[in-house]
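Novice: Residue numbers (my numbering), protein chains in the order written: chain W, 1 to 329; chain Y, 330 to 653.
None of the hints are false.
Here are the simulated lysine to aspartate or glutamate pairs, DMTMM-like style, with alpha carbons at most 25 Å apart:
| id | chain 1 | residue 1 | chain 2 | residue 2 |
| --- | --- | --- | --- | --- |
| 1 | W | Lys143 | Y | Glu585 |
| 2 | W | Lys13 | W | Glu69 |
| 3 | W | Lys269 | Y | Asp535 |
| 4 | Y | Lys572 | W | Asp263 |
| 5 | Y | Lys392 | Y | Glu373 |
| 6 | W | Lys269 | Y | Asp532 |
| 7 | Y | Lys605 | W | Glu140 |
| 8 | Y | Lys426 | Y | Glu399 |
| 9 | Y | Lys605 | W | Glu141 |
| 10 | W | Lys204 | Y | Glu600 |
| 11 | Y | Lys418 | Y | Asp505 |
| 12 | W | Lys269 | Y | Asp571 |
| 13 | Y | Lys392 | Y | Glu450 |
| 14 | Y | Lys458 | Y | Asp505 |
| 15 | W | Lys204 | W | Asp4 |
| 16 | Y | Lys605 | W | Glu202 |
| 17 | W | Lys152 | Y | Asp607 |
| 18 | W | Lys269 | Y | Glu574 |
Hints in this document: simulated from the structure, not taken from any laboratory.
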Amino acid sequence: MTADTVLEVKNLKTWFYTRRGIVKAVNGVDFTLKRGECLCLVGESGCGKTVTALSILRLFDSPPGRIVEGEVIYEGMDLASCTIQRLRQIRGKDIAMVFQNAQSALNPVFTIGDQIVEQINAHGQVSGADAIAKACRLLEEMKISQPERALKMYPHQMSGGMKQRAMIAMSLSCDPCILIADEPTTAVDVTIRAQIMHILQELKANRDMSIIFITHDLSLVREIGDRAAVVYGGKVVEVDTVEHILESPAHPYTIGLMRCLPDISTDSKRLPSIPGNTPNPIDMPAGCSFHPRCQEVMEICRSKDPMLMNIAGVHAVACHLFSDAGGKN
Amino acid sequence: MNMSGAQILQVRGLKKYFRVISGLIPRLSGEIKAVDGVSLAIGEGEVLGLVGESGCGKSTLGKTIMRLEEPTSGEIIFNGVDVVKLKKKDLQALRGKLQIVFQDPDSSLDPRMTVGGSIEEALIVHGVKDPAERNDRVAGLMEKVGLEAGFVDRYPHEFSGGQKQRIGIARALAMDPQLIIADEPVSALDVSVQAQILNLMMDIKDRDGLAYMFVSHDLSVVKYISDRVAVMYLGKIVELADKREFFQNPMHPYTEALLSAIASLRPASKERILLKGDVPSPLNPPAGCRFHTRCHRVMAICPQSEPEFREVAPGHNVACHLYA
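Please take these sequences and the hints and turn them into a complete structure.
Specialist: Shown next, in the form of structure tokens:
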């Protein structure tokens, strides 16, 4: 762990023990988060990106969920195994989270002001007036007009975009050093999405904070990310700087994912697609979980799961095409 | 495109208002003008993309054309027949040729019916009496949408989202429709599956020569599939043009903002236009031009008078005072 690493996730496995079987939602995720950087976790639904985020703060339901293996190292402490009391001091204060659906993440019977002040008070002795002033400043930072008025509003009185911004304000209330944003723009319209992305870009520029940005939309990655990790079947399959991964992706899944996105700037006659469906996490394919859909599948892919290995600089890929055993290189 | 060809659907001045009843003593407190005077036409074999943000009335427009919602006023001419004037029993015949595919494949299939049964039901409703013929046609439809005919006895929960959407499309195709209203058919799907469904819809269109009204909030998807594109804002169409013209020369400030809000894999070339605030409530839309509260090019006239929807270039219609 180097000096500028703020969070390190090592071989994290979060499994859910259900009646229908063991759902291996996160099945060996590795990544590091550096100070001040924005790391994007990209993947389709069911790939395990949200459960990875929830696992960092152990926010999933347990039972049925359990971290069966792995470490989440924050300031020399393993969040995956520390006491729940210790974890509570970190949740919201050091590591804060913005959820996808502001509608269900906000409490409908308290005003926005009450909810922000509650979080400020939970992590420190602040006088009532100071807490309200801070809440007001935060809403202003989120470009909410008339913040004093907004503090007195209930969630149902706000529009979707406002609620999402209020929730970002709430997550910033204790000046966290890591912000986990789980698809913060999925539930809002494109014009509102542009507003929220703009706010996040400003936060990144103005605050000394690392961001984990979770999205299914590769095109948002360019706008905010420094590095991107592509997640498939509960594992990170490729990590690289955003520029490089968008220019020259290496993993067949990343390549496929980028090709099948309709792009406004090109005139395509026919969209390339990835055959098949995302794997069922109860019944993962043996070997590399992508092999049934892969164009370049080899014999070894069916039996052996490739490791995530560095191929150049910060570029790491989990694919036999790049391993010694498979051998393109 | 295809404007010279026969027009399969013409909509003139269509309105759909929903009455809002509220209060302790229930009384009419207002009307939501979900669709407020929409006129458009779709030619044979043409794809019209209809874009707008949530709440702009695009889904209501689709449902009203099908008469799944009763229109408040206006005309809907499908194949020369005024749909608005049709009696309930005559609607049946119409709906074989005018079909709809819904956004959420999960809630549009009956979970307790096999998928074969769901598709067959469409044939039964439309009077295909011979069971052997129905079976053949169900198998043919399954194949057409890229599913194994052997899957007919399975239930919806055994399929993935993309496969369920294929079944929804198969059911819509049952009576060889001429026009399918596709209401956000790919928004619930993952990108890798979205491409499969879009390609399937293109293939079916090319083979069977049917027309689509493709409703979506995603301009990049609309660009891929459409021949012409219409933009809706608060119940009205604000811009309508051929695809090429639309993307090369967008005129309405709202269209400009929508286009600039799209994230692209390529670096952005222009400064992004950030719209202020949210879409106003359709219960109480702004006076004058409905977009003036968020417009970055608002002028003195905009709050006062509503711009007319007019042709400003060949085949390019805009409702904006900038082009008056």
